[in-house]
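Q: For reference, the chains in residue letters:
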Amino acid sequence: MSRQGDWNLNPMSETYEPKIVAFLCKWCSSAGSDLAGVSRIQYPANATPITVACSGSVSPQYVLSAFKKGADGVLVSGCHIGDCHYMEGNYHARRKLYLVKELLEFTGVEPERFRMSWVSAAEGAKFAQVVRDFVDDLRPLGSQDKMRNEPT
Amino acid sequence: MIRIEDIRTQARDILETGEVRAVIGWRRGSRGMAAEPVLISQPEEAESLVWDPTCFHNLSLNLVQERKRLARKGMASNKPLALVAKGCDARSVTVLLQENHFRREDVYVLGVSCEGSGVLDERKLARVLDGLTPDSAAYDGDDYVFQTEEGEKRLPAREVMADRCLECRSAYPRLNNAVFGEEKTRGLEAPFAALSRFEQNRGAERWDFWKRQFERCIRCFACRSVCPLCYCEECVVDSIRLEVTPETTADEKANRIRWIERSASRSDNFGYHMTRALHLAGRCIDCAECERVCPVHIPLRLLNNKLEREAREKFGYEPGASVDLPALVSSFRDDDPNEFIR
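If you read the protein sequences in the order shown, they are chains Z and X.
Residues in the first sequence are numbered consecutively from 1, following our numbering.
Residues in the second sequence are numbered consecutively from 1001, following our numbering.
No lab work stands behind these hints, which were simulated from the structure alone.
The structure presented is a predicted model; accordingly, all values stated were derived computationally and were not measured.
Using N, Cα and C, we set each Cβ at its ideal position, and we do this for glycine too.
Worth double-checking, as some hints may not be accurate.
Unchecked claim - Under the rule of at most 35 Å between Cα atoms (straight-line distance), these lysine-lysine pairs were calculated in the DSBU-like manner:
| # | chain 1 | residue 1 | chain 2 | residue 2 |
| --- | --- | --- | --- | --- |
| 1 | Z | K68 | X | K1211 |
| 2 | Z | K69 | X | K1211 |
| 3 | Z | K126 | X | K1314 |
| 4 | X | K1314 | Z | K146 |
| 5 | Z | K19 | X | K1314 |
| 6 | Z | K126 | Z | K146 |
| 7 | X | K1253 | Z | K26 |
| 8 | Z | K19 | X | K1211 |
| 9 | Z | K26 | X | K1314 |
| 10 | X | K1314 | Z | K68 |
| 11 | Z | K69 | X | K1253 |
| 12 | Z | K68 | X | K1253 |
| 13 | X | K1068 | Z | K68 |
To be verified - Derived coverage of chain X by chain Z (criterion: at least 3 residues anywhere in the stretch with Cβ under 8 Å from a Cβ of chain Z; other residues may be distant):
| # | segment |
| --- | --- |
| 14 | 1195–1205 |
| 15 | 1208–1219 |
| 16 | 1266–1278 |
| 17 | 1310–1322 |
The following block holds chain Z by itself, in its conformation from the complex (with noise of 0.2 Å):
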């Protein structure tokens, strides 16, 4: 679904598919993206979803280790504000990760690459349309090299 003719604008490579692991709660954005799923919504398959209790249990060490092995963009998402099943873990989650997006930017590494949303469970097209735009966004800076591992 995903190697379509009108997304091989990258200069770099034809081929080339950013990798984008995505961090979904378990409440609202792992059920988004299914019904992304069931409502067969077309959107790119760049992302790997790894479900997670919630955003607020998202270390920032999740994102440093995707990072380092290999991703091209991490996607946190979470419920709304003020929909976390847990009360108050995405308000958790967005001052934490805030944080690790600063720094990240504040090395250098390009601001794209780091991405969050509130992703509800009624929010199919939603889900799908986050997925798109990062893709879209990532396509052009190429693949990420800062912060994975070196070859050995």
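Dock chain X against the given chain Z, drawing on the hints supplied.
A: Below, chain X alone, put in the same frame as chain Z:
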């Protein structure tokens, strides 16, 4: 103006009355003019205490180490430990108390307001003195005065003062049991001046800079060892405490979680320094000891300062301001930044 006699008298008094177990301060060291940390437990030893611009160390590290030592021996402290603390050092004691690392009655803070005179940056000094080794350093108004083999040498503070002291916002130890020096701060440069200068660089230039820094890191972990707030029993980098039983298979040992490898490679150094900075977010009080001890001169203070300023500007959070403050990352406000989220 701080008189060392006052500090000595106070130290002697609290040791004589038995109010404290020991006093941690500085004495004349054996490495040139630099002072060195000392723990004294006898009143007459109070005479050896010194106070000058070479009192670099953040002595609250010793409180943390003492706590670890007692815990290892299964002992409890019956009396508080006193330490001589500059404004910045007192803030790190505040953070340790905030995190319930020990109780307020376990520590006696002999606060010294450096009144903005700050401490020296030995690297700057070495460049300026060009081979000359001074025997002593002292404050004098806006200058530092050094005694060298070529006689007295006078240097403006701005040239040889540590960066963090140039940018100091609060030289007065708010947390204290006794305090010497006046409540004033000089701040020769604006807060976060070095950070703001660095941020003039564009993204690609910033990466070129940090890439070079991370390539140079030798992972000696001096920055971690010297930080009073890096006190975890097991560091996320080490992952050495895997419980190994006769049943543990080689696979399990090999596949234990290792977020960051301990060896020095650019990507792992990047991960290590990001993690270190993030773990200190809202906790680092800018004593800049990490930067001072770095053998390859990585400007770690920039990373710490970046998060400190974000916390201040976006979350209205000032580390070390009060013992009652909740931790930065375990609290939130409704109006935290949200516009970066889709």
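Q: Give a verdict on every hint.
A: Results for each hint:
Only pairs whose Cα atoms come within 35 Å are accepted, and K68 (chain Z) paired with K1211 (chain X) is accepted, the gap being roughly 14 Å. At most 35 Å may separate the alpha-carbon atoms for a hinted pair to count; K69 (chain Z) and K1211 (chain X) meet this at roughly 18 Å. Restraint check: the Cα-Cα separation between K126 (chain Z) and K1314 (chain X) comes to about 28 Å, which is no more than 35 Å; the hinted pair holds. At roughly 27 Å between alpha-carbon atoms, K1314 (chain X) and K146 (chain Z) fall within 35 Å of each other, so this suggested pair holds.
Taking the CA atoms of K19 (chain Z) and K1314 (chain X), the gap is about 31 Å. The hint holds against a cut of 35 Å. Taken as a hint, the K126 (chain Z) and K146 (chain Z) pair is honoured in the structure, with Cα atoms around 30 Å apart against an allowance of 35 Å. For the hint linking K1253 (chain X) to K26 (chain Z), the alpha-carbon distance of about 30 Å falls within 35 Å, and the restraint holds. Distance check on the hinted pair: K19 (chain Z) and K1211 (chain X) sit about 23 Å apart at the alpha-carbon level, within 35 Å; holds.
Pair hint K26 (chain Z) plus K1314 (chain X) holds up; C-alpha atoms about 29 Å apart against a cutoff of 35 Å. The suggested pairing of K1314 (chain X) with K68 (chain Z) holds, with an alpha-carbon distance near 28 Å, which does not exceed 35 Å. Proximity of K69 (chain Z) to K1253 (chain X) is assessed by CA-CA distance (about 20 Å); at most 35 Å being required, the pair is judged to hold. For a cut-off of 35 Å, the pair hint linking K68 (chain Z) to K1253 (chain X) stands: about 21 Å separates their Cα positions.
Only pairs whose Cα atoms come within 35 Å are accepted, and K1068 (chain X) paired with K68 (chain Z) is accepted, the gap being roughly 33 Å. Coverage of a stretch by a chain is defined here by at least three residues with a beta carbon nearer than 8 Å to that chain's beta carbons; for the segment 1195–1205 of chain X and chain Z the count is 4, and the condition holds. Residues of the segment 1208–1219 of chain X with a Cβ under 8 Å from some Cβ of chain Z number 4, which satisfies the need for three, so the listed coverage holds. Coverage of a stretch by a chain is defined here by at least three residues with a beta carbon nearer than 8 Å to that chain's beta carbons; for the segment 1266–1278 of chain X and chain Z the count is 9, and the condition holds.
Given as covered by chain Z, the segment 1310–1322 of chain X passes the check, having 4 residues with a CB less than 8 Å from a CB of that chain where 3 are the minimum.
Of the hints listed earlier, there is not a single one the structure fails to meet.
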